[in-house]
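Listed in order, the protein sequences are those of chains L and D. Counting in our numbering, the first sequence runs from 1 upward without gaps. Counting in our numbering, the second sequence runs from 1001 upward without gaps.
Since the hints were derived computationally from the structure, they do not count as laboratory data. Incorrect hints may have been included.
With a straight-line Cα cutoff of 35 Å, these simulated DSBU-like cross-link-like pairs (lysine-lysine) come out [to be verified]:
1) D:K1244 with D:K1098
2) L:K57 with D:K1100
3) D:K1394 with D:K1244
4) D:K1338 with D:K1369
5) L:K29 with D:K1098
6) L:K29 with L:K15
7) D:K1244 with L:K21
8) L:K56 with D:K1369
9) L:K15 with D:K1206
10) D:K1377 with L:K29
11) D:K1394 with L:K56
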Amino acid sequence: MKTRKIRTLQGRIPKGERGPKIQFEVDGKIHFSYRGETVAAALLADGKQIFRLSPKKQEPRGLYCGMGSCFECIVTINGVPNVRACMTPVEEGMRVETGMKARSKLQGKNDETC
Amino acid sequence: MRHVEVIIVGAGPAGLSAAIAAAEAGAEVLVIDEYPQLGGQIYAQTPEAFCLDAALATSEQHQAEKLLKKARSLAIEFLLETIVWGIFDGRQLSTLTKSKTIGEFWAKTLILAPGAYERSVPFPGWTLPGVMTAGGLQKMLKLQWVLPGKSYLLVGTGPLQLVLASQLIENGANVIGIADASSWRNSWKYIPRMLTEPKILFQGLKYLFDIYKARVPFLKSHAIIGVEGDGRVEGAITSDVDEKWHPISGTERIWKVDTVCVGYGFVSSAELAALAGCRIIYEPTLNSWIPDHDGNMRTSVSSVYVAGDGAGSGGAVVAVHEGYIAGVNAAVELGYYKEYKTHPAASSYRRLQCLSKFREVMDRLWAFKPGLYDIVKDDTLICRCEEVTYGDVKEAIADGAEHVNQLKAMTRAGMGLCQGRFCEVNIAYLLQAATGVELQKYTVRPPVKPLPIEHVIAEFEIKSS
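Generate coordinates for the entire structure from the input sequences, incorporating the hints supplied.
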């Protein structure tokens, strides 16, 4: 009997033709994506699972419902906070800030005041 | 304020089908949806910029294409990327467009087809990145062609787990196991009723065969009891559960995995119907609150109809027929279809009648059992948005809370960004277990989805000047 080979694919899978390649920014670093991809898909395809930190306990959060209901995947896009990554298509030159950057900023501030 | 003969909220299978029925009769139809594309969730299309190889499209995508083509060929107006955040005086809708402008509409007849969201049961670690709903992962895979993890553990209950497992395997993902909490003991007695829908049954068997062929462990009466990891999922613990879904200690299994997909069936999105003033009832077979409705999809409020998963989760096929019935009845109410020999929706009524047997079996096979709440620990978050733990909820109950609204006021559970969508049923169950009161529902108030306050204020300034 032929044994099935299990592949461990991660990231983008070949299924058809994606939109044109575009460039955008995540926490100040250049990332690539394809037109039509959501911010959530682009982040996950690059292995970024942590989208933000919860406001009270500062615990990491990522994509949960994937359909715009739970608001777990909110990030800051072009300076606008609380935008759902799962509902927003990536655009050329878009600036995305995850909550991880907010934490490092916050910690920096704390260090200064101490 | 614009007056429209038929306004439909939701452009999924139910909403589109309702729009087609009403437009065919000659009514003026406006469909409002939050998404940029038509199709809702199950009939969602790949992004416009993507070019899907037709051979790789799923049967659902083919069915969706047929419905979309029909809808586009008729005089139906679509208002996409627009949220309906409030309903006032029964049928007055307040909307917010993507460009953040507030709109107001008066619907002569209103059809609500908002769909459903996935039932989540809290367990230790369920907020870690890497835990996502089965539907969320399916969308990522089907529409975005992205696999977010290296290995997948599917937990929960219901047919979606089987569909997702089959799709993951087909796309080369490493599915390490499936844990379904329901038991198939005595399920043989359902076989005659399942044979009433041979096509659906065959599809289900195909999914099971895919899982078997890929040698993926498929465990019944088995549920997740926790995940662990530093900053993201690194491992999961599952255990056997009894008939009532109480975990059985000593049967734990440990999995090394980075993505856990959870889904315990669906909860109807009833908040818009509640705002419209419709009577909301608890449907025990679905374990969900639904807008009370008759066979013509009429709610308790005149000229307000419901259809699809938002009227009680039943899947896309049921949604299409319910939508058609709602659309035809709205058109009849408006004076269209004055004379007819056979009712224009006769075939939909018949089809729903046939499907009801199969639906009943599905609901029974995968019925949710609250024994699973045993896995909730004191420090487990119940409300993800406001970070309220079970301990906080217990404290509020000890302080005298007897209603979910009191719990909400005392702990802030349900006040966050998701507006209680993911904690409501869980809080209601936990309160019932602790105090014996019946299952309750949060009071729904507008806005049902968060909206930036500056846009509402700006709108009022324009009006006063």
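Check: Can you list which hints this structure breaks, lowest number first?
Finding: When the structure is compared with the hints, numbers 1, 4, 7, 10 turn out to be violated.
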